[in-house]
Amino acid sequence: MLGLAGAGLTLGLGLMWAPSVSIDAFKAPEAQRIFYWHVPSAWAAMIAFGMLFVGSIIWFFKRSEWAWKLHVASSEASLAAGLMCVWSGCIWGAAEWGVPWDWTDVRLNTFAMLTLLSLYLVLGRRSQPDGVETRDTFAAFGMYGFILVPVTYVATRLWQIRHPGPVVATSEGSLNSDMGTVLLIGAISFTVLIIGYVMAGMRLTDLEMRLEDLQSRYEEGNR
Amino acid sequence: MGIIELSKITVIRGRNKVLDGWSISVDSGEVVCLSGENGCGKSTVIEAAAGLIPLEKGSCEISGQLIRDSQGRRGRTNFGLCLQDDCIMGDELVGERILDAAGHDFDIASLLKNWGLDHRIHDRVAMLSGGQRRRIALLSGLIPAMISKEPVAILLDEPDSGLDDESVEKLSETIRNLAAGGHSILVSSHDSRIISAADRIIEFPFSETKGEPVKGKFTPIEKGNSRNSYIGHRLNLRTFSGFANNGIAGLLVLGAMLALLEPAQLEGRMLTAFILAPALAAGLCGNPIHRLSLENRSHSWWSTKSAILPHAIFHSLILCAALTILASTITSEFNLQLILAGAFIGAVTESIVGLLSQATLRLSRPNAVMIRLLTPILLLPWALVVDTLSA
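Each protein sequence line maps, in turn, to chains A and B.
Here the working numbering is used: position 9 in the first sequence is 9, and no number is missing along the way.
Here the working numbering is used: position 127 in the second sequence is 1127, and no number is missing along the way.
Just so you know, these hints were derived from the structure itself, not from any lab.
As the structure is a prediction and not an experimental result, all values here were calculated from the model.
There's no promise every hint is true.
[Claimed, not checked] SDA-like mimics (lysine to any residue), calculated; alpha carbons at most 25 Å apart, straight line:
{"#": "1", "chain 1": "A", "residue 1": "62", "chain 2": "B", "residue 2": "1020"}
{"#": "2", "chain 1": "B", "residue 1": "1223", "chain 2": "B", "residue 2": "1020"}
{"#": "3", "chain 1": "B", "residue 1": "1057", "chain 2": "A", "residue 2": "211"}
{"#": "4", "chain 1": "B", "residue 1": "1170", "chain 2": "B", "residue 2": "1126"}
{"#": "5", "chain 1": "B", "residue 1": "1305", "chain 2": "A", "residue 2": "212"}
{"#": "6", "chain 1": "B", "residue 1": "1057", "chain 2": "B", "residue 2": "1091"}
{"#": "7", "chain 1": "A", "residue 1": "62", "chain 2": "B", "residue 2": "1071"}
{"#": "8", "chain 1": "B", "residue 1": "1008", "chain 2": "A", "residue 2": "61"}
{"#": "9", "chain 1": "B", "residue 1": "1008", "chain 2": "A", "residue 2": "58"}
{"#": "10", "chain 1": "B", "residue 1": "1017", "chain 2": "A", "residue 2": "58"}
{"#": "11", "chain 1": "A", "residue 1": "62", "chain 2": "B", "residue 2": "1018"}
{"#": "12", "chain 1": "A", "residue 1": "62", "chain 2": "B", "residue 2": "1057"}
{"#": "13", "chain 1": "B", "residue 1": "1017", "chain 2": "A", "residue 2": "219"}
{"#": "14", "chain 1": "A", "residue 1": "62", "chain 2": "B", "residue 2": "1364"}
{"#": "15", "chain 1": "B", "residue 1": "1215", "chain 2": "B", "residue 2": "1151"}
{"#": "16", "chain 1": "B", "residue 1": "1017", "chain 2": "A", "residue 2": "195"}
{"#": "17", "chain 1": "B", "residue 1": "1017", "chain 2": "A", "residue 2": "67"}
{"#": "18", "chain 1": "B", "residue 1": "1057", "chain 2": "A", "residue 2": "58"}
{"#": "19", "chain 1": "A", "residue 1": "62", "chain 2": "B", "residue 2": "1016"}
{"#": "20", "chain 1": "B", "residue 1": "1223", "chain 2": "A", "residue 2": "219"}
{"#": "21", "chain 1": "B", "residue 1": "1017", "chain 2": "A", "residue 2": "210"}
{"#": "22", "chain 1": "B", "residue 1": "1017", "chain 2": "A", "residue 2": "43"}
{"#": "23", "chain 1": "A", "residue 1": "62", "chain 2": "B", "residue 2": "1054"}
{"#": "24", "chain 1": "A", "residue 1": "62", "chain 2": "B", "residue 2": "1008"}
{"#": "25", "chain 1": "A", "residue 1": "62", "chain 2": "B", "residue 2": "1023"}
{"#": "26", "chain 1": "B", "residue 1": "1017", "chain 2": "A", "residue 2": "206"}
{"#": "27", "chain 1": "B", "residue 1": "1170", "chain 2": "B", "residue 2": "1027"}
{"#": "28", "chain 1": "B", "residue 1": "1017", "chain 2": "A", "residue 2": "212"}
{"#": "29", "chain 1": "B", "residue 1": "1057", "chain 2": "A", "residue 2": "219"}
{"#": "30", "chain 1": "B", "residue 1": "1008", "chain 2": "B", "residue 2": "1170"}
[Stated by the list, open to error] Every beta carbon over 12 Å from chain B, so not counted as near; a handful from chain A, in silico:
{"#": "31", "residue": "54"}
{"#": "32", "residue": "95"}
{"#": "33", "residue": "116"}
{"#": "34", "residue": "119"}
{"#": "35", "residue": "129"}
{"#": "36", "residue": "131"}
{"#": "37", "residue": "192"}
{"#": "38", "residue": "203"}
{"#": "39", "residue": "204"}
{"#": "40", "residue": "205"}
Every residue gets a Cβ at the ideal spot worked out from N, C-alpha and C, and that includes glycine.
Construct all of the structure, not just a fragment, from the sequences and the given hints.
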């Protein structure tokens, strides 16, 4: 709830209060305000992808039930945050570049791929009965998919095509203090939101697994 | 040390621990029969021994070669395998299948005559009856030992299912003859005739009795030169699967672009994209042989023969080059660099999609996972190549 409230506050401040950039810097300066939503959701997605990787790798090598629950919850969280980021980016891109997507931009494509990987993990897992084969296969995809995270991170530094480079914690330091404040509120709120989402997801997965166990025991008792 | 060695293996299937720290050793010239009710773990033992199932703990070795261990290491050696599924693609020919399983040329006609299949030597397996197909699957499993003077391991999972009485008798006799030649046989069965051919019978869950089988007589089949399979390319030529799946997709994309665009007016990046798009579309359809190998779990059988599953990568290169030449001809932009790029992009894309599909083969419903969701990433390298070549 705290995270949701913070995300709402970020949206409100970003649209109503925070300053936009100078007219010369962007073709569509008003559309730039979506940045206050776009950047924190990308940040949240990266946290969720990180948790997905941790859950996948610990399940794969340690067979920990806790890690599997983390994998399940964080794949759903990364899908939600990834879609928010891609969707807001498309709107911004349509206004700023004249096209919502560029197939040659490495940052756009690797991030979208991470989001599609989350979608694949969520839908694929639902298509299979739970078991060690299912968990191993999807955990392996979760691990290999994480390769895209560092690629996405360095993409604008190595191959900047359309997507802007980093604006925070760089030597250029291009954000003024009001913009930085709203962005910081956004980053904190989205971090709280995504961690809360993952915790709730893990609890839900735990309940689903317990329900499945109870059903199996009930069926065995009826035999 | 036995020819077949399973050391303290633990296997989980679904949510059940089927084997827990279980070991078995089958010596040269020994036949061990696994018996017990359905679902007790007989097939799990055979598949674990063949390296088809990941192990939670322990390791499997055949003829001193590690086949699989709990660390995920895998190795391959010459052994015979017949699973409960026939594991044969319907488009394989009877004769070529047995020769592929043997890995050598030999007088296949007389072997097939013994098993009443000589008149079917040039037929596709799909044309056979269920019992005939089962005999082919069985011979594929037995042939590595039949042609070898050295001890070879044979793994048979309910080989008698679907066979008539005469064939079961013949199988029982063959098992004894192979054992007399020093070969090791691990077989699972409910049939009393197969059980009676065993030196040891393991009743699941794990009581062991000694058998008293009659002694057999082994004469190896004379083998000729070793043989390369190239099964994927042969199947592709026979079925035109690559053209029917990948080629048509490429042609459709080309047709759709021709309906929307005027090729003569294209230039720069758009022109390059027009020429390379059909090859990408063909590649995105994936490995056409992979689709065929899903039939009867034949990919499992082939995975014990080679780390690389059947493919037709050279045909893919040719097909994608042909599609690029066609697109180039339409635009009158004939450029060798573009044609090579088209061939390479198509074949690499196809291989990556094939690998993604293979990664899901362990699932209980591999066709239900939407692996195509991951293919859009392949547009990125294609777009970067288009940008580079049009610069």
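Now for the hints, and whether the structure bears them out:
no.	hint	in the structure
1	62/A <-> 1020/B	holds (17 Å)
2	1223/B <-> 1020/B	violated (41 Å)
3	1057/B <-> 211/A	violated (29 Å)
4	1170/B <-> 1126/B	holds (24 Å)
5	1305/B <-> 212/A	violated (39 Å)
6	1057/B <-> 1091/B	violated (38 Å)
7	62/A <-> 1071/B	holds (12 Å)
8	1008/B <-> 61/A	holds (19 Å)
9	1008/B <-> 58/A	holds (24 Å)
10	1017/B <-> 58/A	holds (20 Å)
11	62/A <-> 1018/B	holds (19 Å)
12	62/A <-> 1057/B	holds (12 Å)
13	1017/B <-> 219/A	holds (19 Å)
14	62/A <-> 1364/B	holds (22 Å)
15	1215/B <-> 1151/B	holds (17 Å)
16	1017/B <-> 195/A	violated (34 Å)
17	1017/B <-> 67/A	holds (19 Å)
18	1057/B <-> 58/A	holds (17 Å)
19	62/A <-> 1016/B	holds (17 Å)
20	1223/B <-> 219/A	violated (55 Å)
21	1017/B <-> 210/A	holds (18 Å)
22	1017/B <-> 43/A	violated (40 Å)
23	62/A <-> 1054/B	holds (15 Å)
24	62/A <-> 1008/B	holds (19 Å)
25	62/A <-> 1023/B	holds (23 Å)
26	1017/B <-> 206/A	holds (21 Å)
27	1170/B <-> 1027/B	holds (23 Å)
28	1017/B <-> 212/A	holds (17 Å)
29	1057/B <-> 219/A	violated (30 Å)
30	1008/B <-> 1170/B	violated (34 Å)
31	54	holds (20 Å)
32	95	holds (22 Å)
33	116	violated (5 Å)
34	119	violated (6 Å)
35	129	violated (6 Å)
36	131	violated (4 Å)
37	192	holds (30 Å)
38	203	holds (20 Å)
39	204	holds (19 Å)
40	205	holds (15 Å)
Checked against the numbered hints given earlier, this structure breaks hints 2, 3, 5, 6, 16, 20, 22, 29, 30, 33, 34, 35 and 36; the rest are met.
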